[in-house]
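There are 2 protein chains.
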Amino acid sequence: MTQHLHGKQSKVYSMASADELKARIAELEHELAQVKGKVGARGKIQQMSSEVVDSNPYSRLMALKRMGIVDNYERIREFTVAVVGIGGVGSVTAEMLTRCGIGKLLLFDYDKVELANMNRLFFQPHQAGMSKVEAAEKTLRDINPDVEFETYNYNITTVENFQHFMDRVKYGGLKDQMPVDLVLSCVDNFEARMTINTACNELGQHWFESGVSENAVSGHIQFIQPGATACFACAPPLIVATNQDEKTLKREGVCAASLPTTMGIVAGFLVQNTLKYLLGFGNVTHYLGYNALQDFFPSMSMMPNPNCDDNHCRKQQVEYQKREAAKPKPEVKEQEEEKIVHQENDWGIELVSETTEEELNAAEGEKPSLVSGVTVAYTKPVKETKDDSASVETSEQSLEDLMAQMKSL
Amino acid sequence: MTQHLHGKQSKVYSMASADELKARIAELEHELAQVKGKVGARGKIQQMSSEVVDSNPYSRLMALKRMGIVDNYERIREFTVAVVGIGGVGSVTAEMLTRCGIGKLLLFDYDKVELANMNRLFFQPHQAGMSKVEAAEKTLRDINPDVEFETYNYNITTVENFQHFMDRVKYGGLKDQMPVDLVLSCVDNFEARMTINTACNELGQHWFESGVSENAVSGHIQFIQPGATACFACAPPLIVATNQDEKTLKREGVCAASLPTTMGIVAGFLVQNTLKYLLGFGNVTHYLGYNALQDFFPSMSMMPNPNCDDNHCRKQQVEYQKREAAKPKPEVKEQEEEKIVHQENDWGIELVSETTEEELNAAEGEKPSLVSGVTVAYTKPVKETKDDSASVETSEQSLEDLMAQMKSL
Chain A
1 MTQHLHGKQS
11 KVYSMASADE
21 LKARIAELEH
31 ELAQVKGKVG
41 ARGKIQQMSS
51 EVVDSNPYSR
61 LMALKRMGIV
71 DNYERIREFT
81 VAVVGIGGVG
91 SVTAEMLTRC
101 GIGKLLLFDY
111 DKVELANMNR
121 LFFQPHQAGM
131 SKVEAAEKTL
141 RDINPDVEFE
151 TYNYNITTVE
161 NFQHFMDRVK
171 YGGLKDQMPV
181 DLVLSCVDNF
191 EARMTINTAC
201 NELGQHWFES
211 GVSENAVSGH
221 IQFIQPGATA
231 CFACAPPLIV
241 ATNQDEKTLK
251 REGVCAASLP
261 TTMGIVAGFL
271 VQNTLKYLLG
281 FGNVTHYLGY
291 NALQDFFPSM
301 SMMPNPNCDD
311 NHCRKQQVEY
321 QKREAAKPKP
331 EVKEQEEEKI
341 VHQENDWGIE
351 LVSETTEEEL
361 NAAEGEKPSL
371 VSGVTVAYTK
381 PVKETKDDSA
391 SVETSEQSLE
401 DLMAQMKSL
Chain V
1 MTQHLHGKQS
11 KVYSMASADE
21 LKARIAELEH
31 ELAQVKGKVG
41 ARGKIQQMSS
51 EVVDSNPYSR
61 LMALKRMGIV
71 DNYERIREFT
81 VAVVGIGGVG
91 SVTAEMLTRC
101 GIGKLLLFDY
111 DKVELANMNR
121 LFFQPHQAGM
131 SKVEAAEKTL
141 RDINPDVEFE
151 TYNYNITTVE
161 NFQHFMDRVK
171 YGGLKDQMPV
181 DLVLSCVDNF
191 EARMTINTAC
201 NELGQHWFES
211 GVSENAVSGH
221 IQFIQPGATA
231 CFACAPPLIV
241 ATNQDEKTLK
251 REGVCAASLP
261 TTMGIVAGFL
271 VQNTLKYLLG
281 FGNVTHYLGY
291 NALQDFFPSM
301 SMMPNPNCDD
311 NHCRKQQVEY
321 QKREAAKPKP
331 EVKEQEEEKI
341 VHQENDWGIE
351 LVSETTEEEL
361 NAAEGEKPSL
371 VSGVTVAYTK
381 PVKETKDDSA
391 SVETSEQSLE
401 DLMAQMKSL
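For the protein sequence lines, the chains are A and V, in the order given. In this text, residue positions in the first sequence follow full-length UniProt numbering: the first is 1, and each later residue adds one. In this text, residue positions in the second sequence follow full-length UniProt numbering: the first is 1, and each later residue adds one.
Treat each hint with caution, since some may be false.
It does not matter which identical chain is meant; a pair holds if it fits inside one copy or across any two.
[As the list claims (entries may be wrong)] Straight-line C-alpha distance at most 27 Å; calculated BS3-like pairs for lysine-lysine:
| # | residue 1 | residue 2 |
| --- | --- | --- |
| 1 | Lys315 | Lys327 |
| 2 | Lys44 | Lys104 |
| 3 | Lys175 | Lys112 |
| 4 | Lys65 | Lys112 |
| 5 | Lys112 | Lys138 |
| 6 | Lys44 | Lys112 |
| 7 | Lys322 | Lys138 |
| 8 | Lys104 | Lys170 |
| 9 | Lys175 | Lys44 |
| 10 | Lys329 | Lys175 |
Keep in mind the hints are simulated off the structure, nothing from the lab. These figures come from a predicted structure and were not determined experimentally.
Produce the entire structure from the sequences given, and follow the hints as far as they go.
See below:
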């Protein structure tokens, strides 16, 4: 009687003795316990330990202290991060933070898991049909029962949900009525990015933007501190400039390409910089791009646009400048002078780029064939790069090259 | 009667009626079917389809063709990749390849899953105690039943296993008696790396080396084509130069730090370059480093060492040079001249680096405190960088800088 009988098939037991029925129950209960064994495979841990034993899930993280990288790794448990969009980037982001032992995660998404998502990490075929936040929470709780979760299966861009989303960012922190420590945008469309931007500008909330191109071979992360750096509205991506409804991107029969590699790398950059920001080690990168075809990694900083369309961004800029002015002069002065490199930009956006427009274009590869007027939005977040920011390739550098550059100066 | 009763607790049924018992059986069978539903959640797929429907697990990969990135994505099913070491990097590497629909994977590891591995992606707490290859194969088959697997739960460095390992690299391809297409080294120690190097030099097998530093904040990948590029023995890592037994690194109470971010990023770089190599798009990077503290990505190419200790490497070099000489001159000539930049190096190793020693050091951050004579092995694979390979930072570039460089030329 080892075959599996479902529903009405159980009627075959009508002639069985009570003992046979009880034996079958015992057998099923045992099997179910075994299969379910995965749930709660470890209990909660009250305090992170540095002890080096195979059974300690935090030993390799606490070793970051002994290695001199992080002063106080345990602080990770005090932080709350909101992840918006639990797709190819967001799900891996949430898993990395969960495995790092983050205090609390807020997960937002309104999509369902589909088999078409299986070319990216995290979700499994048996979860097809479940809501992404529900499936993610279940998997993540199994991985680390020490993490607290809040999940919201809704679209943040509707008026009603937007208010609730703002509320959870403002009051969803681990400590009662405190804001979350960081918002990570892992959404796949412009409208949702602008919604997060609007909320974070109003709240003065630090956040990271992230994105992967439709041709799957480039991506980026961008750290946004309202008032101090360019916000998402300060430097509109190309998709706005073309004035095309982005919904045309999701026409029937048209789908963007994606790869588990690119999305995993972008999630890795996002969480690595989140850890650096929260735990105070290394340097948090303001903009980091990834071009897979050439293994090219542009980085830059962007100052806010004084004429930004978002009035909360402009307010935050004024407040940021007041705070900066109130600081002792000598240290601040030097930093500011370093930042303002290009003052002749009409937009009021200063770029500190390590790469030229030509390099960017050369590294960018083929553009996807999209509907007219729409182009890849997130590989080139700023429209213009200064002509004088010429780059010199070390390995190919010659006297002739240097002479040519001197002339241009 | 919805609580779960295991083992001897079934005795509470002694007073129950046959109908109650049958109801309990039906309930248990239903629950078990649900829990088990995950296994084989989709059947095998005979041919990759580009159809854009939610139920197609390959739609987003096949879209790479429409986007102009890959000419013939379906070819992925013809390739076999061997992954050696199924730890923090190797497991994610295997998962990415599985989700990409690779034809066949050979997995090698002799370790068991431990709770101490839970700070990296892939393995789950309920798998603690299972062999890594067994746990990985089970998870990966669930994710994509189209992939073929061979798993070996042994240490490749013993004499007996080494012969078997060589044999599987040589004959383990999808087509009968053909070699695998690529070997990916994801091991965590020098001995295993040298073993893979020895095997690949003898077989002329292309492979990628990968590694993550003990302080968890840097890593690298390196593409090795025996005879054409430096092999792992051509440029010994620092750990050899110090003549210290690396086993001291694994003393009781001492453990390396690790992060899911760094390991996920290195796995991403490894699989992305594997895809570029197998499917023929973009440029395969020979050496790509990652420094998490500064988001710094050194890259370079290394020519083989004519005095390499490995005689198979020296033989492959002779054969490679013969093959190159037999090619039509004009195209080859130009490439070779470009490669040989520094001829005064005693080691016979030519570096084509985009970064200076100073930049490398500046970006390297704190060294872990290890036993004396041992240092981080894999962030600086070559001992000396030429003095004349000065680098120019675009954003800070001034007339003075250029003048100084001209003098040095």
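These are the hints, each one checked on the structure:
For a Cα distance limit of 27 Å, the shortest separation of Lys315 from Lys327 inside one copy, 19 Å, qualifies, whereas the shortest one across copies, 66 Å, does not. In this assembly of identical chains, Lys44 and Lys104 lie within 27 Å of each other by CA distance solely inside one copy; the values are 14 Å within and 38 Å between copies. Within a single copy, Lys175 and Lys112 get their C-alpha atoms no closer than 31 Å, and across copies no closer than 39 Å, so neither meets the 27 Å cut-off. Taking identical chains as interchangeable, the C-alpha atoms of Lys65 and Lys112 lie at most 27 Å apart only when they sit on different chains, with a minimum of 26 Å there against 40 Å within one chain.
In this homomeric assembly, Lys112 and Lys138 come within 27 Å of each other (Cα to Cα) both inside a single copy, at 14 Å, and across copies, at 25 Å. Taking identical chains as interchangeable, the C-alpha atoms of Lys44 and Lys112 lie at most 27 Å apart only when they sit on different chains, with a minimum of 22 Å there against 29 Å within one chain. Taking identical chains as interchangeable, the C-alpha atoms of Lys322 and Lys138 are never at most 27 Å apart, the minima being 45 Å within one chain and 58 Å between chains. Taking CA atoms no more than 27 Å apart as the test, Lys104 paired with Lys170 passes inside one copy only; the shortest distance there is 14 Å, against 49 Å between copies.
With identical chains, the CA atoms of Lys175 and Lys44 are at most 27 Å apart within one copy only, with a shortest distance of 19 Å there and 49 Å across copies. For a Cα distance limit of 27 Å, the shortest separation of Lys329 from Lys175 qualifies neither inside one copy, at 35 Å, nor across copies, at 71 Å.
In summary, the structure is inconsistent with hints 3, 7, 10 from the numbered list given earlier, while agreeing with the others.
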